[in-house]
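> Given next are the chains, with one letter for each unit.
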Amino acid sequence: MPHFPVRGPSGDLTTKDAAADGAGRDGTTGARSWRMRLRSLGSRLGLLWVLIALFVLFSIWLPHTFLTLGNVQTMVNSQAVILILAIAATMPLRAGDFDFSIAAVMTASTATVIVLVSHGQSLALAVFLALGLGLVVGVVNALLIVKIGVDSLITTLGMLTALGGYAYAITNSNVIVVSRSAVLGFARDSFAGFPAATWYAWVLVVVAWYVYEKTPLGRYLIFIGGNREAAKLAGVRVSGVRGLALLTSALLSAFAGIVLAGQLGAIDPSIGSQYLLQPFAAALLGATTVTIGRPNALGTLIALYLLVIGVTGLELLGASSWANDVFNGLALVVAVTVAKLAAGSRQT
Amino acid sequence: MTGSQPALQVRGLAKRFGAIEALRGVDLDVAAGEVHGLLGANGSGKSTLIKILAGYHAPDAGSISVGGSPVSLPVTTTHGLAIIHQELGLVEGMTVLENLGVNVGYGTRSLLPVRGRAERRVYREIFDSLGVELDLDQKVGSLTPAERALLAVARAMRVISGGQARQLFVLDEPTTYLPRPEANRVTALMRSVAKLGIGVLFVSHRLKEVLATTDTFTVLRDGQVVADGVTARTSEREIIRAILGRDLAGSYPDKIERPGQQDPVLEVQDLSGPRVQQVTFSGYAGEVLGVTGLSGMGQDELSYIIAGALPRSGGRVILNGTDITGRGPRDIIGRGAVLIPSDRQRHGGWLAGTAQENISLPVIGDFFRRGLLRSRRERDHSLELMNRFDVRPPVPENMMRSFSGGNQQKIVLSKWLQLQPKVVLLDEPTQGVDAGARTQILQTVTELARQGSCVIVFSGDHEQLAAICHRVLVMSQGSISAELTDDQVTEDWLLSASQLGTSARTSSPDP
Numbered sequence: 473m474p475h476f477p478v479r480g481p482s483g484d485l486t487t488k489d490a491a492a493d494g495a496g497r498d499g500t501t502g503a504r505s506w507r508m509r510l511r512s513l514g515s516r517l518g519l520l521w522v523l524i525a526l527f528v529l530f531s532i533w534l535p536h537t538f539l540t541l542g543n544v545q546t547m548v549n550s551q552a553v554i555l556i557l558a559i560a561a562t563m564p565l566r567a568g569d570f571d572f573s574i575a576a577v578m579t580a581s582t583a584t585v586i587v588l589v590s591h592g593q594s595l596a597l598a599v600f601l602a603l604g605l606g607l608v609v610g611v612v613n614a615l616l617i618v619k620i621g622v623d624s625l626i627t628t629l630g631m632l633t634a635l636g637g638y639a640y641a642i643t644n645s646n647v648i649v650v651s652r653s654a655v656l657g658f659a660r661d662s663f664a665g666f667p668a669a670t671w672y673a674w675v676l677v678v679v680a681w682y683v684y685e686k687t688p689l690g691r692y693l694i695f696i697g698g699n700r701e702a703a704k705l706a707g708v709r710v711s712g713v714r715g716l717a718l719l720t721s722a723l724l725s726a727f728a729g730i731v732l733a734g735q736l737g738a739i740d741p742s743i744g745s746q747y748l749l750q751p752f753a754a755a756l757l758g759a760t761t762v763t764i765g766r767p768n769a770l771g772t773l774i775a776l777y778l779l780v781i782g783v784t785g786l787e788l789l790g791a792s793s794w795a796n797d798v799f800n801g802l803a804l805v806v807a808v809t810v811a812k813l814a815a816g817s818r819q820t
Numbered sequence: 044m045t046g047s048q049p050a051l052q053v054r055g056l057a058k059r060f061g062a063i064e065a066l067r068g069v070d071l072d073v074a075a076g077e078v079h080g081l082l083g084a085n086g087s088g089k090s091t092l093i094k095i096l097a098g099y100h101a102p103d104a105g106s107i108s109v110g111g112s113p114v115s116l117p118v119t120t121t122h123g124l125a126i127i128h129q130e131l132g133l134v135e136g137m138t139v140l141e142n143l144g145v146n147v148g149y150g151t152r153s154l155l156p157v158r159g160r161a162e163r164r165v166y167r168e169i170f171d172s173l174g175v176e177l178d179l180d181q182k183v184g185s186l187t188p189a190e191r192a193l194l195a196v197a198r199a200m201r202v203i204s205g206g207q208a209r210q211l212f213v214l215d216e217p218t219t220y221l222p223r224p225e226a227n228r229v230t231a232l233m234r235s236v237a238k239l240g241i242g243v244l245f246v247s248h249r250l251k252e253v254l255a256t257t258d259t260f261t262v263l264r265d266g267q268v269v270a271d272g273v274t275a276r277t278s279e280r281e282i283i284r285a286i287l288g289r290d291l292a293g294s295y296p297d298k299i300e301r302p303g304q305q306d307p308v309l310e311v312q313d314l315s316g317p318r319v320q321q322v323t324f325s326g327y328a329g330e331v332l333g334v335t336g337l338s339g340m341g342q343d344e345l346s347y348i349i350a351g352a353l354p355r356s357g358g359r360v361i362l363n364g365t366d367i368t369g370r371g372p373r374d375i376i377g378r379g380a381v382l383i384p385s386d387r388q389r390h391g392g393w394l395a396g397t398a399q400e401n402i403s404l405p406v407i408g409d410f411f412r413r414g415l416l417r418s419r420r421e422r423d424h425s426l427e428l429m430n431r432f433d434v435r436p437p438v439p440e441n442m443m444r445s446f447s448g449g450n451q452q453k454i455v456l457s458k459w460l461q462l463q464p465k466v467v468l469l470d471e472p473t474q475g476v477d478a479g480a481r482t483q484i485l486q487t488v489t490e491l492a493r494q495g496s497c498v499i500v501f502s503g504d505h506e507q508l509a510a511i512c513h514r515v516l517v518m519s520q521g522s523i524s525a526e527l528t529d530d531q532v533t534e535d536w537l538l539s540a541s542q543l544g545t546s547a548r549t550s551s552p553d554p
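Chains A and B, in that order, give the protein sequences.
Going by our numbering, the residue at position 105 of the first sequence is 577; the numbering climbs one at a time, nothing skipped.
Going by our numbering, the residue at position 164 of the second sequence is 207; the numbering climbs one at a time, nothing skipped.
Just chain A, same shape as in the assembly:
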């Protein structure tokens, strides 16, 4: 056998020394790291402090309109569907893909449910077909983006437009309203003061948090988003995980559409545009907090409520409905700018 120029004994010694050294250092840092962890938590939750400050500000300013149970409930409940969409958006975002089709999948799903129910079909069938629609869109997105390698932004933008057309087609461009009893219970049954829709969204946040932070899948997603090539070389099923993320976002969007059908009991085919930007504003702004630089569940929740507090406060102060668009649009730009600056400062 060949012989190798190994400096064995000295090499072993350094190894042991380093291990003992490291253990000692680790032991002494135990207490310090606890305090450091608390401090880093403070900075990581920057967005939460902004949210609280904004809430307190508007509460003092508008004690009779803003700081009322009714207003708080309205703010939270009005965001249920958007929160579901925002969580849907985070999954492909984590893996580095944009899914802009979510708002249109939602509209198409709502339209499917309402149109079928208005034609006397059972709610179960309608829900089943709406989810089926989401599945099909997810599969098509995944095939185009992952298998063929088309740019995700362009693919899903095209999908967004096409599905918007589908919603107009099956509704004949009309607003369709169904009788209250047909679909309403599904999203409006309330529990502990909040309607079911809000609970769905919150449960989804917890599930997404669990998947992102506590499972290997969550780690694979963020690693793929960080360095796809390195993940592939490390044996991660990159295509499978990206495809799964796109499939999940489409399915969750279809689910959001079903919830919206339940909330409204009606479909206005032009509704999609109102849901287009806000989920991304929340998901991207959310990526600047909790786990900085990474789209995440809790950050998305905080960001979304921050946005709704800002918009509601402005509206109660007399700004008209354009405040919504301006605030959300600016928040999106601010979010990506902050993320870019944070990434830049970390690089140096």
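Calculated directly from the structure, the hints in this document are not laboratory data.
One or more of the hints may lead you astray.
Below are the EDC-like pairs computed for lysine to aspartate or glutamate, each with C-alpha atoms no more than 16 Å apart in a straight line [claimed, not checked]: (1) Lys465/B - Asp374/B; (2) Lys94/B - Glu64/B; (3) Lys182/B - Glu135/B; (4) Lys704/A - Asp374/B; (5) Lys686/A - Asp409/B; (6) Lys238/B - Asp258/B; (7) Lys704/A - Asp386/B; (8) Lys182/B - Glu141/B; (9) Lys465/B - Glu490/B.
Starting from the known structure of chain A, fit chain B onto it as the hints suggest.
For chain B alone, coordinates are given in the frame of chain A:
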């Protein structure tokens, strides 16, 4: 038609990078109408010289004149010389004609119409003068590499016929990626260019090509001119001696049989890819096998093809008796072979992730117990590995980016070696790594082989290969041109085998 007027005259050119003197007083003359070869090993100063000519670096001292008129330094674009780099700067999706016109504004002003017919006539003339036949409407993407090189030369010629007098062509390794007959078309073109009275400076690692093409030559070593003269009056041996700085003793000794019969862990049979052609070799347990060659000879691609990370066009890979041909990285890793890439930023790791996240990626499933990622255990595991590989500082939460190059590489190594692979493919394991970390990494590598792994190091660092390998395969133009074993594995042999490339093979009795 060797003109007396110099196309290029370089005097006393010097350039220092920190402690390294890349060029120390280099003189170089290229006469109009001749092809001049510039030779030298990696690090001899060749590329620094070219970069100064291209205006990329400013020299510390010295002068350059082109066509008899001095050039103010640093060199800027239009001094009468055209440089054609290895990367030719062509757009694949555009046609030959569209690519040709881009550096002369398509012969018109920005917002005026392009006169297609006039343009075509200009290039037909250039093609005729050079003896080039290319379809002007063909997409560049469908051209062979050699045709692309011809196109790049023809494009530079337009500037001459356009009246801006160009005196000198510099071709920087234009033939590196080309198989021999293709390369011959490019060297023939150089002769045609010289016939038009233009000086040509030909930079190449391929000694045979330089000998066959050039009129005169210059050899650089350690930033100095160590030989120059008329090519026809100089022997190949003299030039090799100048390049290496030592004599080459005799021919290759007989191959030594490997001690001890054992079954190979890795068998590569006729493996081919975009740049790799029918490579066959075996790797054995407990050996450190080197694979080397000049840049672009396919050795870097070979490791990725074996690891399933790049597509192959033919051949088989057998790992531990199992055919793993066509399988992806995930499967191949599962069967005990890992690729440790050299490019930490692009392939090795995720710089915005933490050390812990990078280390635990391949084994993250092990920390998923009863529905939760056990982050404490994951951290302990990462910390233990960081200590074992002497990563400093040993803090798993630190971002990958915050570590030095050497420590990043140790993190990448620990990520892979925790899998206790039977076959380790190491791509330039010490690239961009400081001296201290380099020693540690090489110790780890040899220790790995001692423990029974088959370690294959893909590297252009001959000194390093000579120190740790006991068998080295030398690649040239995508295939293995030489195999050096045991006492043949020296820096000198590796250097000359890489430099000679094909000539090592042709010097053996071959019809």
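> Any of the earlier hints contradicted here, and which numbers?
Violated: none.
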